[in-house]
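Trainee: Residue-level listing of the chains:
There are 2 protein chains.
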Amino acid sequence: MPFSFDLIKKDPDSQARLGKMITPHGSVNTPAFMPVGTQGTVKAMTPEQIENCGTSIILGNTYHLYLRPGHETVKKLGGLHKFMNWPHPILTDSGGFQVYSLGALRKITKDGVIFRSHIDGSKHLLTPAKAVAIQEALGSDIMMCLDECTPYPATLSAAQKSLALTVQWAKLCKEAKKNEEQAIFGIIQGGTYPDLRRQAVDEIVPIGFDGYALGGVSVGEPKEVMYSIAEAVTPTLPENKPRYLMGVGTPEDIVFGVSCGIDLFDCVIPTRSARHGLLFTNSEKIVIKNARWREDNDPIDKTCDCYTCKNFSRSYLRHLFVAGEILAMVLNTIHNVRYYMRLLEQIRAALENNSFLKFRNTFLNQKGGT
Amino acid sequence: MPFSFDLIKKDPDSQARLGKMITPHGSVNTPAFMPVGTQGTVKAMTPEQIENCGTSIILGNTYHLYLRPGHETVKKLGGLHKFMNWPHPILTDSGGFQVYSLGALRKITKDGVIFRSHIDGSKHLLTPAKAVAIQEALGSDIMMCLDECTPYPATLSAAQKSLALTVQWAKLCKEAKKNEEQAIFGIIQGGTYPDLRRQAVDEIVPIGFDGYALGGVSVGEPKEVMYSIAEAVTPTLPENKPRYLMGVGTPEDIVFGVSCGIDLFDCVIPTRSARHGLLFTNSEKIVIKNARWREDNDPIDKTCDCYTCKNFSRSYLRHLFVAGEILAMVLNTIHNVRYYMRLLEQIRAALENNSFLKFRNTFLNQKGGT
Numbered sequence: 133m134p135f136s137f138d139l140i141k142k143d144p145d146s147q148a149r150l151g152k153m154i155t156p157h158g159s160v161n162t163p164a165f166m167p168v169g170t171q172g173t174v175k176a177m178t179p180e181q182i183e184n185c186g187t188s189i190i191l192g193n194t195y196h197l198y199l200r201p202g203h204e205t206v207k208k209l210g211g212l213h214k215f216m217n218w219p220h221p222i223l224t225d226s227g228g229f230q231v232y233s234l235g236a237l238r239k240i241t242k243d244g245v246i247f248r249s250h251i252d253g254s255k256h257l258l259t260p261a262k263a264v265a266i267q268e269a270l271g272s273d274i275m276m277c278l279d280e281c282t283p284y285p286a287t288l289s290a291a292q293k294s295l296a297l298t299v300q301w302a303k304l305c306k307e308a309k310k311n312e313e314q315a316i317f318g319i320i321q322g323g324t325y326p327d328l329r330r331q332a333v334d335e336i337v338p339i340g341f342d343g344y345a346l347g348g349v350s351v352g353e354p355k356e357v358m359y360s361i362a363e364a365v366t367p368t369l370p371e372n373k374p375r376y377l378m379g380v381g382t383p384e385d386i387v388f389g390v391s392c393g394i395d396l397f398d399c400v401i402p403t404r405s406a407r408h409g410l411l412f413t414n415s416e417k418i419v420i421k422n423a424r425w426r427e428d429n430d431p432i433d434k435t436c437d438c439y440t441c442k443n444f445s446r447s448y449l450r451h452l453f454v455a456g457e458i459l460a461m462v463l464n465t466i467h468n469v470r471y472y473m474r475l476l477e478q479i480r481a482a483l484e485n486n487s488f489l490k491f492r493n494t495f496l497n498q499k500g501g502t
Numbered sequence: 133m134p135f136s137f138d139l140i141k142k143d144p145d146s147q148a149r150l151g152k153m154i155t156p157h158g159s160v161n162t163p164a165f166m167p168v169g170t171q172g173t174v175k176a177m178t179p180e181q182i183e184n185c186g187t188s189i190i191l192g193n194t195y196h197l198y199l200r201p202g203h204e205t206v207k208k209l210g211g212l213h214k215f216m217n218w219p220h221p222i223l224t225d226s227g228g229f230q231v232y233s234l235g236a237l238r239k240i241t242k243d244g245v246i247f248r249s250h251i252d253g254s255k256h257l258l259t260p261a262k263a264v265a266i267q268e269a270l271g272s273d274i275m276m277c278l279d280e281c282t283p284y285p286a287t288l289s290a291a292q293k294s295l296a297l298t299v300q301w302a303k304l305c306k307e308a309k310k311n312e313e314q315a316i317f318g319i320i321q322g323g324t325y326p327d328l329r330r331q332a333v334d335e336i337v338p339i340g341f342d343g344y345a346l347g348g349v350s351v352g353e354p355k356e357v358m359y360s361i362a363e364a365v366t367p368t369l370p371e372n373k374p375r376y377l378m379g380v381g382t383p384e385d386i387v388f389g390v391s392c393g394i395d396l397f398d399c400v401i402p403t404r405s406a407r408h409g410l411l412f413t414n415s416e417k418i419v420i421k422n423a424r425w426r427e428d429n430d431p432i433d434k435t436c437d438c439y440t441c442k443n444f445s446r447s448y449l450r451h452l453f454v455a456g457e458i459l460a461m462v463l464n465t466i467h468n469v470r471y472y473m474r475l476l477e478q479i480r481a482a483l484e485n486n487s488f489l490k491f492r493n494t495f496l497n498q499k500g501g502t
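Here the protein sequences line up with chains E and C, keeping their order. Just add 132 to wherever you are in the first sequence, counting from 1, and you've got the working numbering. Just add 132 to wherever you are in the second sequence, counting from 1, and you've got the working numbering.
What the hints contain is simulated information worked out from the structure, not anything from laboratory work. All C-beta atoms, glycine included, are put in the ideal place defined by N, C-alpha and C. There may be inaccurate statements among the hints.
[Claimed, not checked] Straight-line distance between alpha carbons at most 27 Å, and here's what the computed DSS-like set of lysine-lysine pairs gives:
no.	chain 1	residue 1	chain 2	residue 2
1	E	Lys421	C	Lys207
2	C	Lys207	C	Lys255
3	E	Lys152	E	Lys310
4	E	Lys175	C	Lys255
[Claimed, not checked] Computed spacing ranges between beta-carbons, pair by pair:
no.	chain 1	residue 1	chain 2	residue 2	range
5	E	Leu139	C	Glu204	56 to 66 Å
6	C	Gly158	E	Glu477	54 to 64 Å
7	C	Asn414	E	Thr205	21 to 31 Å
8	C	Thr435	E	Leu139	20 to 30 Å
9	C	Glu484	E	His250	47 to 57 Å
10	C	Pro338	E	Asn429	36 to 46 Å
11	C	Ala364	E	Ser254	52 to 62 Å
12	E	Gly235	C	Ile251	32 to 42 Å
13	C	Asn443	E	Gly253	31 to 41 Å
14	C	Asp138	E	Arg200	35 to 45 Å
15	C	Asp334	E	Asn422	51 to 61 Å
16	E	Ala236	C	Gly456	54 to 64 Å
17	C	Thr435	E	Asn429	54 to 64 Å
[As the list claims (entries may be wrong)] These stretches of chain E come out as covered by chain C in the derived footprint (C-beta under 8 Å, 3 or more residues):
no.	stretch
18	164-173
19	178-190
20	208-222
21	436-445
22	452-466
Required output: the full structure, derived from the provided sequences and hints.
Mentor: As structure tokens, this is what we get:
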């Protein structure tokens with residue numbers, strides 16, 4: 133079944149929406165959050181554990197999989213879903229952001245990005261057509277256009293130049309796409325300039341994509357700036373297509389983003405924080421190595437239904453973390469991913485009950501989870 | 133229910149036996165293998181995964197848990213079973229072997245061992261009574277006597293002196309034991325001297341323990357020496373008590389040990405090998421990082437029923453290992469532990485069918501799994 137998006141309900145009190153994405157590998161209730169599976173694995177989790185957290189879609193990183201094990205290898209082995217034993221939807225990024233993050237190791241030209249592998253220093257050229265070909269080989273449900281991520285800060289003329297390249301590349305990605313089964317999303321750049329963001333919408337949307345992402349956010353700009361971009365740009369995107377806020381974010385960012393009309397999020401925060409011993413709850417963020425938990429027999433969060441909270445105490449998790457045990461990373465990650473999934477479940481329930489604005493205001497006033 | 137051991141069947145063709153240990157936390161069909169849970173966790177596995185591998189009993193390390201998080205803390209939190217969420221049987225060692233392994237950091241006196249913590253250098257005294265008290269606080273189902281592990285090589289007089297200390301400490305351990313629910317096993321030392329091993333049996337058995345272990349094996353002596361000790365000493369132990377070959381071993385060692393009349397084994401080989409990317413099969417030991425597996429879509433072992441083999445290819449496991457992913461350790465460990473559990477299941481089935489000797493000879497001739 134090819135990709136489609138059903139807009140189920142618009143919140144009467146905000147820009148928020150309830151929706152459902154249908155993909156070849158199953159459906160995704162939106163708003164949704166995608167745990168990040170960088171190298172063909174959501175770090176420290178088995179696919180069974182990812183599923184048990186209530187995850188319906190994950191993100192795969194094209195840059196990493198292209199370099200290792202290689203997209204042709206993944207294709208030969210049956211595609212990314214089979215390779216990593218994740219039979220549910222996958223969105224792949226274009227590789228652009230990772231390449232952009234290489235700094236001195238990459239050079240942007242009008243044709244694409246020349247970069248050196250962080251693994252072996254080998255030289256590669258990533259073009260719009262190549263980014264699509266790699267994602268087609270991986271076989272993701274949703275592909276992303278190659279874009280140039282406008283840095284922060286950027287002068288107006290640099291941001292203009294960057295946007296022009298992103299628009300040009302978006303056209304080339306659309307042209308390069310061969311597989312009808314896979315969806316492709318366009319990316320709205322424009323930095324912190326409202327006029328440029330409007331121009332990006334005006335130029336990217338007519339190319340005709342299955343969904344639209346806000347890019348170049350969460351790249352160092354102040355949070356208020358990111359919020360104002362999301363607030364201003366999201367409602368100008370086509371209503372009948374999913375909207376994705378790339379690389380975002382904290383629990384509050386997600387609640388705020390939903391109120392702007394965002395349907396899809398991804399971020400390494402839950403998984404990376406877990407590996408560093410930072411655990412989310414609605415009342416506080418727990419630093420598990422703290423001596424305070426040494427003899428605490430309660431779970432991380434009494435209201436949480438994850439495997440970790442149902443079976444282990446803070447004292448045990450502290451012990452594992454202090455002792456450097458692998459199981460610390462596993463159990464912490466399960467909790468944080470479940471925390472995010474529960475948050476999204478609560479958001480969708482609130483949207484169904486017409487109580488989202490109340491939920492949002494309570495949540496943001498609590499500063500829950502940060 | 134207090135500890136007991138039922139000898140179910142003696143193999144007509146060898147010294148091997150089928151049995152069942154009953155403990156306060158459930159029963160254990162023997163011969164059995166105990167995965168090692170050093171710091172309150174079988175490294176890289178959730179308790180659910182340990183169970184799913186068919187594990188009925190695990191080993192906990194007194195030395196590690198005494199130092200971190202501390203046996204009093206574990207006791208306060210409800211004991212080791214609750215702390216680590218393992219509701220099934222646990223055997224704890226005495227801490228003696230780990231302390232012995234500290235080398236320059238420890239000094240043996242007639243009263244016990246003075247040692248410095250490998251974590252913070254703090255000074256501690258481990259006496260026979262203390263070793264029992266720690267294990268009582270942990271609440272294991274089976275405790276081990278504090279012994280002096282006779283090193284290899286040792287002169288006759290050194291081995292004699294060492295044995296005398298072990299016998300003296302065994303008496304003190306028996307006297308110190310307060311908890312009726314917990315079993316305690318005595319340890320047979322004597323180095324590589326058959327006469328001393330016989331003397332050890334003559335002096336330890338009359339003290340009266342719930343089971344007997346062969347110690348001071350797998351400490352650097354040639355494999356033939358270990359085999360000849362197991363072969364000579366095991367049949368001289370009381371028939372109605374379980375017999376435990378400490379720290380052993382490879383799959384072949386286990387098959388050989390069973391044929392000598394051993395009921396219980398423990399070793400870090402399956403878990404440690406897994407973390408180093410060495411995977412057991414009956415036909416070969418797979419080095420998963422080998423380029424040979426780059427595009428191999430088969431499981432580690434087509435005959436294996438573990439979560440890893442049912443869901444993932446060698447190519448994927450190779451990718452995870454090369455990329456340094458935590459999931460590599462998790463999936464590899466699940467496979468190796470299941471391999472060991474299946475081996476013990478096969479051994480018990482062969483004993484039931486009176487085909488153990490054939491199984492043993494086929495297995496050892498194949499050099500399967502090494």
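Trainee: Indicate, hint by hint, whether the structure satisfies it.
Mentor: Going through the hints against the structure:
About 20 Å separates the Cα atoms of E:Lys421 and C:Lys207, which keeps this hinted pair within 27 Å; it holds. About 22 Å separates the Cα atoms of C:Lys207 and C:Lys255, which keeps this hinted pair within 27 Å; it holds. Taking the CA atoms of E:Lys152 and E:Lys310, the gap is near 25 Å; set against the 27 Å cutoff, the hint holds. A distance of roughly 39 Å separates the Cα atoms of E:Lys175 and C:Lys255; the hinted pair therefore is violated under the 27 Å criterion.
Range check, E:Leu139 to C:Glu204: about 59 Å between beta-carbon atoms, so the 56 to 66 Å window is met. At roughly 37 Å, the beta carbons of C:Gly158 and E:Glu477 sit outside the given window of 54 to 64 Å. Range check, C:Asn414 to E:Thr205: Cβ separation about 28 Å, and the 21 to 31 Å hint holds. At roughly 50 Å, the beta carbons of C:Thr435 and E:Leu139 sit outside the given window of 20 to 30 Å.
C:Glu484 and E:His250 have their C-beta atoms about 55 Å apart, which keeps the hinted 47 to 57 Å range intact. Between C:Pro338 and E:Asn429, the C-beta spacing of about 43 Å keeps the proposed range 36 to 46 Å intact. Distance hint check for C:Ala364 and E:Ser254: the Cβ-Cβ separation is about 60 Å, which falls inside the suggested range of 52 to 62 Å. Checked against the hint of 32 to 42 Å, the pair E:Gly235 and C:Ile251 passes, with Cβ atoms roughly 39 Å apart.
In this structure, C:Asn443 and E:Gly253 meet the distance hint of 31 to 41 Å, their C-beta atoms being roughly 34 Å apart. Between C:Asp138 and E:Arg200 the C-beta distance comes to about 53 Å, which lies outside the given range of 35 to 45 Å. Hint check: C:Asp334 to E:Asn422, Cβ distance near 54 Å, so the stated range 51 to 61 Å holds. Judged by the Cβ atoms, the range 54 to 64 Å given for E:Ala236 and C:Gly456 is violated: they are separated by roughly 24 Å.
At roughly 43 Å, the beta-carbon separation of C:Thr435 and E:Asn429 lies outside the given 54 to 64 Å, and the hint is violated. Counting residues of the stretch 164-173 of chain E whose CB lies closer than 8 Å to any CB of chain C gives 3, which reaches the minimum of 3, so the coverage claim holds. Coverage of the stretch 178-190 of chain E by chain C holds [criterion: at least 3 residues with CB-CB distance below 8 Å; count 3]. With 6 residues carrying a beta carbon less than 8 Å from a beta carbon of chain C, the stretch 208-222 of chain E meets the three-residue requirement, and the given coverage holds.
Only residues whose C-beta sits within less than 8 Å of a C-beta in chain C count toward coverage, and the stretch 436-445 of chain E has 4 of them, enough to reach three; the restraint holds. Residue count for the stretch 452-466 of chain E with a Cβ under 8 Å from a Cβ of chain C: 9. That meets the three needed, and the coverage hint holds.
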